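There are 2 protein chains.
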Amino acid sequence: MAMQLFGVPGLPEITPGSDLATMIVEAALAAGTPLDDGDVVVVTSKIVSKAEGRLVELADVQPSQFAIDWSTPWDKDPAVTELVLREAKRVVRQVGPILITETHHGFVCANSGIDQSSSGAHGRVVLLPLDSDASARRIRDGFASAGVDAAVIVSDTFGRAWREGQTDIAIGIAGMQPITSYIGQVDPHGHEFRVQALCTADELAGAAELVKGNTSRVPVAVIRGHVWERDDNATIAPVLRDQSRDLFR
Amino acid sequence: MAMQLFGVPGLPEITPGSDLATMIVEAALAAGTPLDDGDVVVVTSKIVSKAEGRLVELADVQPSQFAIDWSTPWDKDPAVTELVLREAKRVVRQVGPILITETHHGFVCANSGIDQSSSGAHGRVVLLPLDSDASARRIRDGFASAGVDAAVIVSDTFGRAWREGQTDIAIGIAGMQPITSYIGQVDPHGHEFRVQALCTADELAGAAELVKGNTSRVPVAVIRGHVWERDDNATIAPVLRDQSRDLFR
Chain A
1371 MAMQLFGVPG LPEITPGSDL ATMIVEAALA AGTPLDDGDV VVVTSKIVSK AEGRLVELAD
1431 VQPSQFAIDW STPWDKDPAV TELVLREAKR VVRQVGPILI TETHHGFVCA NSGIDQSSSG
1491 AHGRVVLLPL DSDASARRIR DGFASAGVDA AVIVSDTFGR AWREGQTDIA IGIAGMQPIT
1551 SYIGQVDPHG HEFRVQALCT ADELAGAAEL VKGNTSRVPV AVIRGHVWER DDNATIAPVL
1611 RDQSRDLFR
Chain B
1371 MAMQLFGVPG LPEITPGSDL ATMIVEAALA AGTPLDDGDV VVVTSKIVSK AEGRLVELAD
1431 VQPSQFAIDW STPWDKDPAV TELVLREAKR VVRQVGPILI TETHHGFVCA NSGIDQSSSG
1491 AHGRVVLLPL DSDASARRIR DGFASAGVDA AVIVSDTFGR AWREGQTDIA IGIAGMQPIT
1551 SYIGQVDPHG HEFRVQALCT ADELAGAAEL VKGNTSRVPV AVIRGHVWER DDNATIAPVL
1611 RDQSRDLFR
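The listed protein sequences correspond, in order, to chains A and B.
All you need for the numbering used here is the position in the first sequence, starting with 1, plus 1370.
All you need for the numbering used here is the position in the second sequence, starting with 1, plus 1370.
Derived from the structure by calculation, the hints contain no laboratory data.
This one's a predicted model, so the numbers in the text were calculated from it and none came from an experiment.
Heads up, the beta-carbon is just placed ideally off N, CA and C, and yes, glycines get one too.
A hint or two may mislead.
Claimed, not checked - Cβ pair distances, simulated, as ranges: (1) B:GLU1383 - A:GLU1599: 30 to 40 Å; (2) B:ARG1456 - A:ARG1587: 48 to 58 Å; (3) A:GLU1383 - B:GLY1380: 41 to 51 Å; (4) A:PRO1467 - B:ASP1501: 34 to 44 Å; (5) A:ALA1429 - B:ARG1460: 40 to 50 Å; (6) A:GLN1464 - B:SER1515: 22 to 32 Å.
Said to hold, decoys possible - Partial pick of chain B residues on the chain A-facing surface, computed with a CB cut under 8 Å: (7) LEU1375; (8) PHE1376; (9) ARG1463; (10) ILE1470; (11) ALA1531; (12) PRO1608; (13) VAL1609; (14) PHE1618.
Using the sequences provided together with the hints, build the complete structure.
Here you go:
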């Protein structure tokens, strides 16, 4: 099995209403690497958010007293804290200047995934897509309209428990299931595999980061040669561990 | 930037004392994809453990009373539990039949990373390598003896907090730093990046899993086209979050 990964350079500036699927198809073509059936296309959530208008001017945000009280000693912007809380269904950890939340989607991450950097202007932040599976589906549908059957992953960069360094993971998916299950399968010696389910989507998102790079402006990567089974009902939901099964929340 | 990944098939059965580096060099050559300078070679920890003789016959293990008492109601083998405890510096969570430990290396994982499946025989388990950085270094040195300057990652399959599905991550490294830091760098608008440090080693290990596959018998993958800076003092230590900085341990 061999796999190729490459970034899609040369995307135009993304603004609210941008047709990402068409832009990606055209940029890949212009780069001499047109999209192909069977590709997995990984799209950084930030450009998805920008295309969907998930930008907020901090000056327009009225922070709550709780947001003000907690932000001040840590020299944080209360307007950002207010948005973090609004994007969360609950606070998972609030220790020192760190605020880890569970977003309305069910992602556990720092600051509800809000991005204060490189939003294209000072005083403006980028929120996660409202429904990242729907975002992935729209892009996949756009590819289909251009005649390409590609799976789509919307990725973001999250921290983890126990390990330093962030990694890119999947927050939305379309066309393929995010988890590959080995439950019930046995090895050549008749033992069940220790590994029962792999989060292929997170491995694909992380692999894509390696060719996108966080500091370069290549927010889209193509993975070619990964075999996936078409499933138009796939969502990221199977990756979200229910709180009742989670020993660390 | 483009990257290629391929598995290295055709490795012979690994036994204690096997010279992994030479076996990998020869298998890659025989497969028509010889190793090259600049490659990152990801080796599944299980074959490293086998080559290093990290196999234990369960019949030889005398379980403690604590191991017996906890194992019995959960229908677990007390000898395995005993090994899990011996491989751990402490128990992080022990809930129902789940035993999550911090290994002597500092990895937080289920069952101290002990593998009961596909160990080549019933009644035998595979422990993690004793010093997985040293294992990676030995393989890298073996490649150097064959004239190839390649970075080496020893990988294993671990679960995570909050998210279902396991992923392959790095437990040992040689030749390159595991973390890429962006601290102090600014984007085109002058903002500091939200992402400050990426665990490239984990992304590489996860990417390698996609071409190795957990059920196939391809325990080695080569990543070509990833740019890394040579550092012969690199270890996995920077990835291990200190307990004092960890909100989830």
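(request) Could you tell me which of the hints above the structure violates, numbers in ascending order? (result) Violated: hint 6 alone.
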